[in-house]
Amino acid sequence: MLGYLENVATTAGINAIITIGLTVVVMSGQLSVCNAALAGLAAYTAASLSIFLGLPFLLSVLLGAALAAAVGAALSLVCRNLQGFYLAIATLAFGAILVTVFENLQVLGGAMGLARIPPRTSFFNVYAVLVVLLCLLWRFERSRFGVALYALADDPIAASAMGIHVVALKVLAFALGAFISGLGGGLYAHYATVVVPGDLSFHQEINLYLYAGVGGLTSYWGAVLGAFALAALTELLRFSIYERYLLFGLLLALIMLLKPEGLVKRFPRRN
Amino acid sequence: MQSILDGLVTGSTYALVGLGFSLVFGALRVLNMAHMDLYMWGAFSGFVAISALSNSVVVSILAGLLGGGLLGIAIQKAFLQWLPFDTLAAPFIGTIGLGIFLQNAAVWVFGPRQRLFPGLVGSEYYQVGGLQISGVQIIILVTMVLLGLGLTALLEWTWMGKAIKATSENAEVAGTLGVNVPLVMLVTVGIGSALGGASGVLVGMLYGAVLPFMGFVIAVKVLAVIVVGGLGNLPGAVMAGLLLGVVEALATRLGLSAIRDGVAFALLFTFLLFRPQGLLGERIRAR
Amino acid sequence: MSEIVLRVDNLFVNYGVARAVEGVSFELGSDEIRALIGANGAGKTTILKAILGLVSAAQGSIESPAGRPIQGKKPYEIARECAMGYSPEDRGLLMRMTVQENLEMGIYCRRHRLAGRLPTLLRDIYDLFPQLAARRHQLASILSGGEQRMLSIARALIGQPRVLILDEPTLGLAPVIVEETIRAIQRIGQAGRGLLLAEQNVMVATRTASVIYVMERGRIVYQGSPQDLLGNDQIRTAYLSGTALLPTAEAG
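Chains as they are written, first to last, in this note's numbering: chain A, 1 to 271; chain B, 1001 to 1287; chain C, 2001 to 2252.
Be aware that one or more of the hints could be misleading.
Covered by chain B, per the in silico footprint, the following chain C stretches (three or more residues, Cβ under 8 angstroms) [as the list claims (entries may be wrong)]: (1) 2065-2076; (2) 2098-2112; (3) 2130-2136.
DSS-like cross-link-like pairs, simulated, lysine-lysine; straight-line CA separation at most 25 angstroms [as the list claims (entries may be wrong)]: (4) B:Lys1077 <-> C:Lys2074; (5) B:Lys1077 <-> C:Lys2073; (6) A:Lys259 <-> B:Lys1077.
Derived by calculation from the structure, the hints in this document are not laboratory data. Predicted model, so just to flag it, every value in this text is computed and none were measured. Note that CB positions come from ideal geometry on N, CA and C, so glycine has one too.
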């Protein structure tokens, strides 16, 4: 029983980490729907490094996250002039491209994915990472960088007038979010011991948005809350996978409709 | 040459969905990611109509139109019109959630596996000037032309059409001119969704099967169509849809069938980066 | 024989927590032109928007030509009920439609009654505005500023309104065009119609309106005829910046 709970909690923790990455990106005003894909990219990378190069667990995860960050930064840079919907569409397409790439890369298992990843992730290291992350983010929010990020999201023109280098900040935010999601991805790879292209798919992205939605898409505490709440919900209501998504889709739609600012307020207060 | 014809056929189905999507975007100023699932439900409406009523082409297409349209109206009234538009993200994500809901509702009703769409016309091919064309392909092209002409007639020659155009451009001004804006939005969404539904039925006929995840499959293609055609630009959507179909067909012909789906991505990305307003569109301001 | 076509009574409009309009009351009769003047932000546009249902009134009543209260109703309900022609500050044109299509939309709220007479109505409008006739099938977006203003007014007019509301009709126009516009307003402001004008350009108001309301910070601070206005030293100094450049007021 304890093992089972540990299982659920670990998975929830991993999801929380990936979702936090998403909220960091959305916080900067960039509507990105490819964080799941980036996490998956990191997962594949970390897994490959562990399997093929025999690198130690921690190093693999960090490198995987770093790659995701680099790719995320590049994507953000390339799309720097795209606003709103256009950016969302671009990230959607990018995510889909990544899925296709991994499906066709036979060296990484193609559609069957990569298996026999050494299981190194445990309840403890996931939560260690989560706690460290939350502490760092707490500091970060209150730092100059964090405030600049919020300013950017609220009003890019005003932010620019205040001397904030908009593009650099956006790219940085994207990279940071990708890195964090990537950490989650690497941890996931060494937990599930299998990574498949489907892990990068849009369905996973929906999950992330669901968790994030609880926090109004911009509060990472909300993301954590969302990940845990939905993990609990998933266990309590033992539906088939399709019925579960039925409920989740409805839930997401309803949250966006009724309380788009989320159930958890972020700092600083919007006035 | 044959490929171009085949491409025009698949392109027609893309064009119809894209047209509907663009129409809805023009009215609501939100990318209705659930549109793809309306397309799927239209396909299933056709499927049900055939199973329950008659094996007729016309009936199934009408069922697709009705199914898509009614469902579209329902989601507009119950959900879309209440979306808060002060942020960009919330409505968009909301429609994604709605889409997932609709998709899994279909799974709940019809099961996750694909259902075979019965052949309604024989599978013979006709010879027209050196090219081969099947019965289904003819139906698709004819339907596309009819629906396209019908839409154009509506928009150019009827008061409702003018009201739709006015509302899509500037809802506030339209209101002061006496246009019942909420009603017009409802009608627009209904028509757009009906077109999506019809496209679903046509695709079902073409490939002989319908699947609750159909919407997912064409999602990126529809986005490519509307970006290439210009967000909210109707003739652009048609052109872009046909273009996409033709390019995909040509790519297959040249032996690059593995990246056939990649064509949509490539087009999408290229346009997003270099010409986001598409071939014909102007930059869309938020409502 | 003049009747009241618009009555505004004790109107209060808020923008958030700020009072944009405070306790404004006035009437408009058919066959007359009245003007609201004042600086930007004095509340003129807000009053017009409240009349049309584009902003909601916190307090007060607005009555349509039929004497029915219209405050709180939606714009299209108001449009249908009382045939008010409106030319907004930004002209409110449908840029992607042609001149003629814009004009056609002008009778939308009464299309069932007027559709049959559309050719005649169009011809009358084109007689009144020959520049528009020349451009009837061109897109509204390629018209010049003055022509767009003309189109906006023409569109407001074509539906045979009882009340015509013009918001800053001469804003941003070259002096020659302003002259034309003034003359157009003078021509229009008769024949059973009430015309309500909001203007920052006092001269336009004094040359067209019979009653002028001076607004400041959401309140009417003065009302009178053009002669009263120009004869009042206090108002003149505050709003008309000197005397030597003023044209003598022509009545209406």
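Structure-based check of all given hints:
Under the rule that three or more residues need a Cβ within less than 8 angstroms of chain B, the assignment of the region 2065-2076 of chain C holds, with 3 such residues. Counting residues of the region 2098-2112 of chain C whose beta-carbon sits less than 8 angstroms from any beta-carbon of chain B gives 8, enough to reach three: the coverage restraint holds. Against chain B, the region 2130-2136 of chain C contributes 0 residues with a C-beta closer than 8 angstroms to a partner C-beta. That does not satisfy the three-residue criterion, and the hint is violated. A C-alpha spacing of about 18 angstroms is found between lysine 1077 of chain B and lysine 2074 of chain C, which places the hinted pair at or below 25 angstroms, so the restraint holds.
With a CA separation close to 21 angstroms, the supplied pair lysine 1077 of chain B and lysine 2073 of chain C stays within the 25 angstroms bound. Using a Cα cut-off of 25 angstroms, the hinted pair lysine 259 of chain A and lysine 1077 of chain B holds, with the two alpha carbons roughly 18 angstroms apart.
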